[in-house]
Amino acid sequence: MRQPINAGGEFSERADVMNGQAPSYASEEDVFPGGQMACSLTKRVMAVSPFPERMHNLLRLLAADCFDLFTLHDLNKAFVSSLQPELILFDATPHPLLNPDAVDALRAGLNQTAHLHGIPLLFLIGEHAKVASHSLPEGAELLVWPGEPMAALRRINHILQQRTPSGGSILESSYTFKDLSIDLKKMIVYRGEQRIELTKTEYELLLMFVTSDGGVISREAMFDAIWGSQFLGGSNVVDVHIKSLRKKLGDSAAAPQYIVTVRGAGYRLAEG
Numbered sequence: 070m071r072q073p074i075n076a077g078g079e080f081s082e083r084a085d086v087m088n089g090q091a092p093s094y095a096s097e098e099d100v101f102p103g104g105q106m107a108c109s110l111t112k113r114v115m116a117v118s119p120f121p122e123r124m125h126n127l128l129r130l131l132a133a134d135c136f137d138l139f140t141l142h143d144l145n146k147a148f149v150s151s152l153q154p155e156l157i158l159f160d161a162t163p164h165p166l167l168n169p170d171a172v173d174a175l176r177a178g179l180n181q182t183a184h185l186h187g188i189p190l191l192f193l194i195g196e197h198a199k200v201a202s203h204s205l206p207e208g209a210e211l212l213v214w215p216g217e218p219m220a221a222l223r224r225i226n227h228i229l230q231q232r233t234p235s236g237g238s239i240l241e242s243s244y245t246f247k248d249l250s251i252d253l254k255k256m257i258v259y260r261g262e263q264r265i266e267l268t269k270t271e272y273e274l275l276l277m278f279v280t281s282d283g284g285v286i287s288r289e290a291m292f293d294a295i296w297g298s299q300f301l302g303g304s305n306v307v308d309v310h311i312k313s314l315r316k317k318l319g320d321s322a323a324a325p326q327y328i329v330t331v332r333g334a335g336y337r338l339a340e341g
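Position 223 (the sequence shown) corresponds to 292 in the numbering used here; numbering is contiguous.
No lab work stands behind these hints: they were computed from the structure.
Accuracy of the hints is not assured; some may be wrong.
Said to hold, decoys possible - Below, in silico cross-link-like pairs of lysine-lysine (PhoX-like), each with a Cα-Cα straight-line distance of 25 Å or less:
(1) Lys-247 - Lys-269
(2) Lys-316 - Lys-269
(3) Lys-247 - Lys-317
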C-alpha cells in the first residue's frame, strides 16, 4: 500500500493533530491520478506562504501529479532567479497573525519578480477577500482558498498550458507611463528616445510604481520588497533612493511629474 505523500518533507498530519482533528489525506486515486508510478517530465511550482501547512493537501496532490515543489515562508528573489519556477503560488489568505502591510509588501515583491522572469502568478485568497486592482500584477489570477484541491490542480495545469512553447509566459514585455518606457526583458528605461541609466534598486523602485496602478506604496512595503526583512540599513534608505531616482528622471518633489510624496503614508505614481 502506498504511503501518504509528504510534500517536500514539510507537511504531515501534525497540523491536523494540533487542531484536534484526525489527519486528512487525499484518496489514492486523487494522489496518484491514473495510477502512475513515476514521472518522466516534471513541472516546477514555487509556493510562498508564511503558513504553508494551510496548503498541504494541494501541495501533496501537486507532488503526486509530477510537480517539483519549492516551498518558501517568505519571498527569496535569488531562489526565484536560480530555480526558475513555471508558476508561483502566493498564499494571501487571511490569518490573525499576519500584518496586512507585510502581505502587501510581499505581493509587491512578487509582482516585479514575476514580471522580470516571466512567471505567472496564482493568488490564493479568502472567500470574502476584496483585492484592490492596483495590488495585483498584470496577468495574475485568483483562486479562493480553502477549496477543492483537484479543482485547484486543474486550474494550475490550465495556467501552465497558456505559457508559450519557449517556456515564457504570456505577460507584458514592457511598460509605459507618460514619456517613460520600461523594457522588462533588457531591464532598460527610456524617457522618449533617451536611455536613463538606473541602478538595479532604482529600476526596481520605478517598476514597483509603474505596476501599482497609482496606489500609495508605504516606505515599509518598498523596504521589504526591495531590500528584504534581513537588511540592516536605516529606514531612510527608501527616501535616499527615491531622491536619486527622481534626479535621474528629471523629476521634482515640489512639482512631481512621475513620483508623488504622500505625507505620512509613502509614495505613489503621479496622475497621468
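| Violated hints - listed by number, lowest first | Of the numbered hints, all hold.
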